[in-house]
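Trainee: If you're matching them up, the sequences are chains Z and B in order. Following our numbering, the numbering of the first sequence begins with 1 at its first residue and continues without gaps. Following our numbering, the numbering of the second sequence begins with 1001 at its first residue and continues without gaps.
There may be inaccurate statements among the hints.
To be verified - Okay, derived cross-link-like pairs now, BS3-like style, lysine-lysine, Cα gap no bigger than 27 Å in a straight line: (1) B:K1078 to B:K1024; (2) B:K1024 to Z:K49; (3) B:K1024 to Z:K69; (4) Z:K68 to Z:K58; (5) Z:K49 to B:K1078; (6) Z:K68 to Z:K42; (7) B:K1024 to B:K1068; (8) Z:K49 to Z:K69; (9) Z:K42 to B:K1078; (10) Z:K68 to Z:K49.
To be clear, the hints were calculated from the coordinates, so they are not data collected in a lab.
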Amino acid sequence: AQSVTQLDSHVSVSEGTPVLLRCNYSSSYSPSLFWYVQHPNKGLQLLLKYTSAATLVKGINGFEAEFKKSETSFHLTKPSAHMSDAAEYFCVVSGFSGGYNKLIFGAGTRLAVHP
Amino acid sequence: DAGVIQSPRHEVTEMGQEVTLRCKPISGHDYLFWYRQTMMRGLELLIYFNNNVPIDDSGMPEDRFSAKMPNASFSTLKIQPSEPRDSAVYFCASSSSGPTDTQYFGPGTRLTVL
């Protein structure tokens, strides 16, 4: 069965410093992988998506993620954090559960950005 | 495009009352999903539709929950009777490509059952 683990529930960085949000996945085939962002009191917004093309995926707002099959990881990074990046981030893997295809969401990582 | 539209944005009701949440998917999207988000359980898929037909309702908590999609541009999630443990944020999402492709989320309905 497919699963996704976000290794940190909370990450705190200073404005202008790099961001690293870690995600490991489990899948018996080549999955699609996503990162979504949720700002307070908002819906989820797609940041980026991997679908077996380039292993380094660039997304919106300067975020990128690298698919590493050998490490079963899909970590999200940004070179320089901005105050507006404070939000909850979800790593998502495509999967098959209960007889149906679906997206499987991680528990989320809350990113705090300090001045 | 206006994106996925949900109404109401906030709903406060008393235990035992009927609650109806509404969703309008992005035009042309054939898949519609209902999710529930709570602190304890995270984001849970409740049900999804393809071409207005329910495909997977295994996430619907119990018989008090029902969902319909009478046409391609409208869906409802109904809770009857509501209970305090139903308090959560309910999201609707839609997709043009299938249940494992990009889903576009609405702003959510925050439900509080007193």
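Trainee: None of the hints should be skipped; say for each whether it holds.
Mentor: These are the hints, each one checked on the structure:
no., hint, verdict
1, B:K1078 to B:K1024, "15 Å, holds"
2, B:K1024 to Z:K49, "24 Å, holds"
3, B:K1024 to Z:K69, "38 Å, violated"
4, Z:K68 to Z:K58, "15 Å, holds"
5, Z:K49 to B:K1078, "32 Å, violated"
6, Z:K68 to Z:K42, "30 Å, violated"
7, B:K1024 to B:K1068, "12 Å, holds"
8, Z:K49 to Z:K69, "15 Å, holds"
9, Z:K42 to B:K1078, "22 Å, holds"
10, Z:K68 to Z:K49, "14 Å, holds"
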